[in-house]
Amino acid sequence: MIEIINLTKRYGSFTALENLNLTIDKGTVFGFVGPNGAGKSTTFSILATLLAPTKGTAYVNGFDVTKNPKQVRKHIGYVPDFFGVYDQFKVHEYLDFYGASYSIPTSERKTIIPQLLELVNLTEKTDAYVDLLSRGMKQRLCLARALIHDPEVLILDEPASGLDPRARVEMRGILRELKNMDKTIIISSHILPELSEICDELGVIENGKLIANGNVNQIEHQLQAQKILMVTVKENIEQAIAFFEDDSNVLEIDQDQQNQQLLKLSYQGSDDQQVELLKKAIGVGIPILTLGQKQTNLEDIFMEITKGDE
Amino acid sequence: MDRLQALFINPVLNKEIKLRFRSFKNFLGIFLFLAVCGAVCLAFIYIETQFTHDGFTSSDSKNLFMLLSMGQLGLIVFITPGLTAGTISGEREKQTLNIMLTTQQSSTSIILSKLFSSVLFLILMLIASLPLYSIVFLYGGVSPQMVFVTFGYQLLTMLTIGSLGVMFSTISRKTMVSTITTYGMMLFLVVGTVILFFITVRLIIGFQQGSTGVSQSSNIFPYLILILNPAVAMFASFDSNMFMYEFQQLGIDWPLWKGFTLGYIAITMFSLLIAINRLRPRMRAKTKIKKKG
Chain A
1 MIEIINLTKR YGSFTALENL NLTIDKGTVF GFVGPNGAGK STTFSILATL
51 LAPTKGTAYV NGFDVTKNPK QVRKHIGYVP DFFGVYDQFK VHEYLDFYGA
101 SYSIPTSERK TIIPQLLELV NLTEKTDAYV DLLSRGMKQR LCLARALIHD
151 PEVLILDEPA SGLDPRARVE MRGILRELKN MDKTIIISSH ILPELSEICD
201 ELGVIENGKL IANGNVNQIE HQLQAQKILM VTVKENIEQA IAFFEDDSNV
251 LEIDQDQQNQ QLLKLSYQGS DDQQVELLKK AIGVGIPILT LGQKQTNLED
301 IFMEITKGDE
Chain Z
1001 MDRLQALFIN PVLNKEIKLR FRSFKNFLGI FLFLAVCGAV CLAFIYIETQ
1051 FTHDGFTSSD SKNLFMLLSM GQLGLIVFIT PGLTAGTISG EREKQTLNIM
1101 LTTQQSSTSI ILSKLFSSVL FLILMLIASL PLYSIVFLYG GVSPQMVFVT
1151 FGYQLLTMLT IGSLGVMFST ISRKTMVSTI TTYGMMLFLV VGTVILFFIT
1201 VRLIIGFQQG STGVSQSSNI FPYLILILNP AVAMFASFDS NMFMYEFQQL
1251 GIDWPLWKGF TLGYIAITMF SLLIAINRLR PRMRAKTKIK KKG
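So the sequences go chain by chain: A and Z.
Counting from 1, one number per residue, gives the positions in the first sequence under this note's numbering.
Counting from 1001, one number per residue, gives the positions in the second sequence under this note's numbering.
Keep in mind the hints are simulated off the structure, nothing from the lab.
Nothing here was measured: the structure is a model prediction, and the numbers come from that model.
Yeah, the Cβ is synthetic: ideal placement off N, Cα and C, and Gly gets one too.
Any given hint could be a false lead.
Distance condition first, Cα-Cα at most 20 Å in a straight line; then the derived SDA-like pairs of lysine to any residue [stated by the list, open to error]:
no., chain 1, residue 1, chain 2, residue 2
1, A, K55, Z, P1281
2, A, K74, Z, N1010
3, Z, K1025, A, Y86
4, A, K70, Z, P1281
5, A, K90, Z, L1097
6, A, K74, Z, P1281
7, A, K70, Z, L1279
8, Z, K1018, A, Y102
9, Z, K1018, A, D127
10, A, K90, Z, N1010
11, A, K67, Z, P1281
12, A, K70, Z, T1268
13, Z, K1094, A, D81
14, Z, K1018, A, V85
So the derived list for chain A, only partly shown, Cβ under 10 Å to chain Z, looks like this [claimed, not checked]:
no., residue
15, F14
16, A52
17, I76
18, Y98
19, S103
Covered stretches of chain A (in silico footprint by chain Z; criterion: 3 or more residues with CB under 8 Å from a CB of chain Z, positions within the stretch not fixed) [unchecked claim]:
no., region
20, 64-73
21, 84-93
Only chain A is shown next, with the shape it has when bound in the complex (with noise of 0.2 Å):
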């Protein structure tokens, strides 16, 4: 579990993280999304004890990241957004290195190490050099590493960036199988719908401060102040119009271009108002032939709250 109270960390004049606040409940699968320098990797140094918080907290299974940050390290497996690798070290060494930096018994890593490589799908390449594997094997061979002591909270910043499209997918199978392991996950990245597919809950951050927290229906809630309502009439479609305009909730109307009898309403009404809306239309004797309400693209609600950083 991890709680962050009021997390502030400044440099100088800039703020780069301000009173963030936060609860990720024990095996929940959290993205964090936002746009780059928006305060992700800054919230992750600070949990993965790399960086001290100019005010606040955080805890990590209880442990305070900044009173027993020596605990917290025992309780988290960590993988940096940007990250090398000891060249000269075989993939068994290199997690055999880290196996006995955690104070792993040999014969543990011995049985360990075979069971990660196989998580990550790297069995095969046991005896291969570290630094001749390609970018996607060694973000999965950091993954196995961070997985090494067997924590029950993975802090993952971008694990996915610069991956091509399989190793996205392969990632996400991995990321799969840690969620069915009932690992708290916290997950960063700049690509909202790489985390809506895996993640639990989502809070997406904007320069610092957490603009919107809880499951995908929450965020599209939170973040939408107003949706798109599609009203199929089969005739007389201008007193539709005119029916649909005397409604105070309902702040434009634009009728498709190819199908005539379509109209597209922006609705800022509450589901309430909006089934009242529906059964006062029917009353009134407008013909209505559907009414569905327009699939929201995440993506773009994300693009347009944040559209003023790039």
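Given the coordinates of chain A, work out where chain Z should sit on it, guided by the hints.
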């Protein structure tokens, strides 16, 4: 005991040794070093036996020993900064440091492992050259005690320069900066201290001779400068009369080796403490919460 063992025999040290000694160029380096030392020995003996009337005497043997020892000290002063000044900053540049810092390895263990693994290569060079010293023993003039003392000087110099290198490597983000700083420090220790010593001695003696009716008191400042010079300290162990006149004028009767040993141990400990403290961030938030009322 286990904790002490863990400080010196740990994964970081094992990794460093494995990576360092896996490279062929290190073995080539030792081979070339021994070849040069051997050639110097043979050339020295050849010159002494062919161009002097009394052949290769025990006095020549001592001179050869001094030549070899000073040569090795020069090597230590020249190579150690290069081996140690990139230990931490190099990991930072390779982007491997952050991962290492999130493991359970303590900062002390990481810093000591980095230092020892770097100087181990030089120690191996020194040990590998020991058979060459057997040539010196053949002709007498050098006691085994002298060899051990010289080895001790070299070891302490190596550890101190190494600690300075590791400290600068931890403080600065770039290996280039830490390497230049460490070499700059070496230049000061080897050359700057001698110049500064003579300047201060001349000033103090001149001042003492110029003032009349004032009792001469001991002035320790030039001595403190000189003990920082490893070459002078080691050479003084071969020739106890070195700088005797200056020390008498200054009223100092403490042997140079004592000051050197204590000074270098202090510098080593200070450098290592700084490096250990600066390796990881202080996680406590700097801003204090003000109490109301």
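Consistency of the hints with the structure:
1. For the suggested pair K55 of chain A and P1281 of chain Z, the alpha carbons sit about 15 Å apart, so the restraint of at most 20 Å is met.
2. Taken as a hint, the K74 of chain A and N1010 of chain Z pair is honoured in the structure, with Cα atoms around 17 Å apart against an allowance of 20 Å.
3. Of the pairs offered as hints, the one joining K1025 of chain Z and Y86 of chain A holds, with about 17 Å between alpha carbons and a cut-off of 20 Å not exceeded.
4. Of the pairs offered as hints, the one joining K70 of chain A and P1281 of chain Z holds, with about 12 Å between alpha carbons and a cut-off of 20 Å not exceeded.
5. A distance of roughly 19 Å separates the Cα atoms of K90 of chain A and L1097 of chain Z; the hinted pair therefore holds under the 20 Å criterion.
6. For the proposed pair K74 of chain A and P1281 of chain Z, the alpha carbon gap of about 17 Å is at most 20 Å, so the pair holds.
7. The hinted pair formed by K70 of chain A and L1279 of chain Z meets the criterion: a straight-line CA distance of about 14 Å does not exceed 20 Å.
8. Distance check on the hinted pair: K1018 of chain Z and Y102 of chain A sit about 19 Å apart at the alpha-carbon level, within 20 Å; holds.
9. A hinted pair counts as satisfied when its Cα atoms are at most 20 Å apart, and K1018 of chain Z with D127 of chain A qualifies at roughly 16 Å.
10. Of the pairs offered as hints, the one joining K90 of chain A and N1010 of chain Z holds, with about 19 Å between alpha carbons and a cut-off of 20 Å not exceeded.
11. Between the alpha carbons of K67 of chain A and P1281 of chain Z the distance comes to roughly 12 Å, so the proposed pair stays at or under 20 Å and holds.
12. Restraint check for K70 of chain A and T1268 of chain Z: not satisfied, since their Cα atoms lie roughly 26 Å apart, outside the 20 Å limit.
13. About 13 Å separates the Cα atoms of K1094 of chain Z and D81 of chain A, which keeps this hinted pair within 20 Å; it holds.
14. Between K1018 of chain Z and V85 of chain A the alpha-carbon distance is near 15 Å, which keeps this suggested pair within the 20 Å criterion.
15. Because the smallest distance between the Cβ of F14 of chain A and any Cβ of chain Z comes to about 16 Å, over 10 Å, the interface hint for this residue is violated.
16. Taking 10 Å as the C-beta cut-off, the interface hint given for A52 of chain A holds, the closest approach to chain Z being about 5 Å.
17. A hinted interface residue such as I76 of chain A counts as satisfied when its beta carbon comes closer than 10 Å to some beta carbon of chain Z; here the least separation is about 7 Å, so the hint holds.
18. Annotation: Y98 of chain A was flagged as interfacial toward chain Z, and the flag holds, the nearest CB pair being 6 Å apart, inside 10 Å.
19. Given the 10 Å rule on beta carbons, the hint for S103 of chain A holds: about 6 Å separates it from the nearest Cβ of chain Z.
20. Counting residues of the region 64-73 of chain A whose beta-carbon sits less than 8 Å from any beta-carbon of chain Z gives 6, enough to reach three: the coverage restraint holds.
21. Evaluation of the coverage hint for the region 84-93 of chain A: fulfilled, as 6 residues show C-beta separations to chain Z shorter than 8 Å, against a requirement of three.
Hint compliance for this structure: hints 12, 15 are broken, all remaining hints hold.
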